[in-house]
Amino acid sequence: KNQVEQSPQSLIILEGKNCTLQCNYTVSPFSNLRWYKQDTGRGPVSLTIMTFSENTKSNGRYTATLDADTKQSSLHITASQLSDSASYICVVTSDFTGGGNKLTFGTGTQLKVEL
Amino acid sequence: NAGVTQTPKFRILKIGQSMTLQCTQDMNHNYMYWYRQDPGMGLKLIYYSVGAGITDKGEVPNGYNVSRSTTEDFPLRLELAAPSQTSVYFCASSAGTSGLYNEQFFGPGTRLTVL
Numbered sequence: 002k003n004q005v006e007q008s009p010q011s012l013i014i015l016e017g018k019n020c021t022l023q024c025n026y027t028v029s030p031f032s033n034l035r036w037y038k039q040d041t042g043r044g045p046v047s048l049t050i051m052t053f054s055e056n057t058k059s060n061g062r063y064t065a066t067l068d069a070d071t072k073q074s075s076l077h078i079t080a081s082q083l084s085d086s087a088s089y090i091c092v093v094t095s096d097f098t099g100g101g102n103k104l105t106f107g108t109g110t111q112l113k114v115e116l
Numbered sequence: 438n439a440g441v442t443q444t445p446k447f448r449i450l451k452i453g454q455s456m457t458l459q460c461t462q463d464m465n466h467n468y469m470y471w472y473r474q475d476p477g478m479g480l481k482l483i484y485y486s487v488g489a490g491i492t493d494k495g496e497v498p499n500g501y502n503v504s505r506s507t508t509e510d511f512p513l514r515l516e517l518a519a520p521s522q523t524s525v526y527f528c529a530s531s532a533g534t535s536g537l538y539n540e541q542f543f544g545p546g547t548r549l550t551v552l
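Chains as they are written, first to last, in this note's numbering: chain A, 2 to 116; chain B, 438 to 552.
This is chain B alone, in the form it adopts within the complex (with noise of 0.2 Å):
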């Protein structure tokens, strides 16, 4: 199992760009989550998904989209990138959310820079 997967690693935008943020998962997960995390701060949720086809929003969604059409994908699209956006997203996926089953694996980040 490759667990969860993200591309790509690194990524320079300039402002106004757009891009989008893979992450697949090869665990059968249902729930799918979106972090961003800056320096000296803990991991702000961007969005999450409960199954494919459903989405909502997390802690701070603002300038991000997100959608979930398979199992596996949840990409994360950045519409008219902001030097505010500059920092490391992580995606991760769990089994469930009670319990033991809300231990979340994450991927290997993306360092994302907006200039």
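Next comes chain A alone, as it looks inside the complex (with noise of 0.2 Å):
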């Protein structure tokens, strides 16, 4: 059964301090891997996307990783602010061939950065 499972399930950061969000995946066949933010009450955005061959991809303080191998990968927030508080999401596609594909989300991490 395609799982994405990440970890932790919430998480409470001072402001400034860096943190890492963990995602395994057991999707097959995989074709890329996205971070999204999603605010409180609104819908998820994007923030970075990963394919096979891609180890480490940027996004301003946001860092993401993978590793195909263990179907492992992280987001890490540099230098965290108040506005990063929200859910993040990891979704992996898996292409068909033929066409079609299927996006399997994750349950998020929920962080809050506080003072």
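Fair warning: there could be bad hints in the mix.
Calculated pairs, DMTMM-like style, for lysine to aspartate or glutamate (alpha carbon to alpha carbon, straight line, at most 20 Å) [what the hints assert, rightly or not]:
hint, chain 1, residue 1, chain 2, residue 2
1, A, 72, A, 55
2, B, 446, B, 516
3, B, 451, B, 516
4, B, 481, A, 6
5, B, 446, B, 510
6, A, 113, A, 85
7, B, 446, B, 475
8, B, 481, B, 540
9, B, 481, A, 40
10, B, 481, A, 96
11, A, 2, A, 70
12, B, 494, B, 510
13, A, 58, A, 85
14, A, 103, B, 493
15, B, 446, A, 40
16, A, 58, B, 540
17, A, 2, A, 96
18, A, 103, B, 540
19, B, 494, A, 96
20, A, 2, B, 496
21, A, 103, B, 496
I should point out that these hints are in silico values taken from the structure, not numbers from a laboratory.
Two chains, two frames, some hints: make the complex.
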């Protein structure tokens, strides 16, 4: 069964500190992995996309890593800000021969950044 | 560009009532999706559309119907509302389904409560 598991479920950190969120997946076939940020009361917004051959990708203070061998990804947030408080969702895409795909969503990590 | 817009933002229904959730996108995307998000769960795909006039079921279609008469609009119809349909509903669109094109752009969501 295709699954995406994220850890921790929730996290509280002080402003200015770094943190790392984890995503383990058992999705097959694997096409790409996205990290989305979902602010409270809003829809998710894509932060990064990683394909099979990519190990690291950055978007400002966000850095995503991918280990396709162990089927793990991480999202590192540097010098956290209050505006980083949100849910971070890992999404894995499977593309199928002949067209069509399936997205498997993780349940998200709820991050709270405090003063 | 407004992106993906959804109405209403909030709604309370009585058991057995019906309603339509509206979704409009102005990015000329062919692909549109409806998801529901329950507390502590990943987004679940209800229905999707690959273009005007073409719709298909996702993981959890029971109790819902959709139509796609134009590229811009993708309304979701709830018939005979049940408490199990209490959830937050997100509409999304994408330019394609492969690689960078599979980034989904989400609306702000509709919070529905069925009592």
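Tested hints:
1. A/72 / A/55: 13 Å, holds
2. B/446 / B/516: 19 Å, holds
3. B/451 / B/516: Between residue 451 of chain B and residue 516 of chain B the Cα gap is close to 12 Å, so the pair holds against 20 Å.
4. B/481 / A/6: With a Cα-Cα distance of about 15 Å, the restraint between residue 481 of chain B and residue 6 of chain A holds, given a limit of 20 Å.
5. B/446 / B/510: Holds: residue 446 of chain B and residue 510 of chain B sit about 17 Å apart, inside 20 Å.
6. A/113 / A/85: Roughly 7 Å between the alpha carbons, so the hint for residue 113 of chain A and residue 85 of chain A holds.
7. B/446 / B/475: Holds, at about 16 Å.
8. B/481 / B/540: 16 Å, holds
9. B/481 / A/40: Between residue 481 of chain B and residue 40 of chain A the Cα gap is close to 18 Å, so the pair holds against 20 Å.
10. B/481 / A/96: With Cα atoms ~18 Å apart, residue 481 of chain B and residue 96 of chain A stay inside 20 Å; holds.
11. A/2 / A/70: Measuring from Cα to Cα gives roughly 18 Å; hence the hint holds.
12. B/494 / B/510: Distance of about 17 Å is within 20 Å: holds.
13. A/58 / A/85: 18 Å, holds
14. A/103 / B/493: Distance of about 13 Å is within 20 Å: holds.
15. B/446 / A/40: 15 Å, holds
16. A/58 / B/540: 16 Å, holds
17. A/2 / A/96: 16 Å, holds
18. A/103 / B/540: Holds - the C-alpha atoms of residue 540 of chain B and residue 103 of chain A are around 13 Å apart, at most 20 Å.
19. B/494 / A/96: 17 Å, holds
20. A/2 / B/496: 14 Å, holds
21. A/103 / B/496: 10 Å, holds
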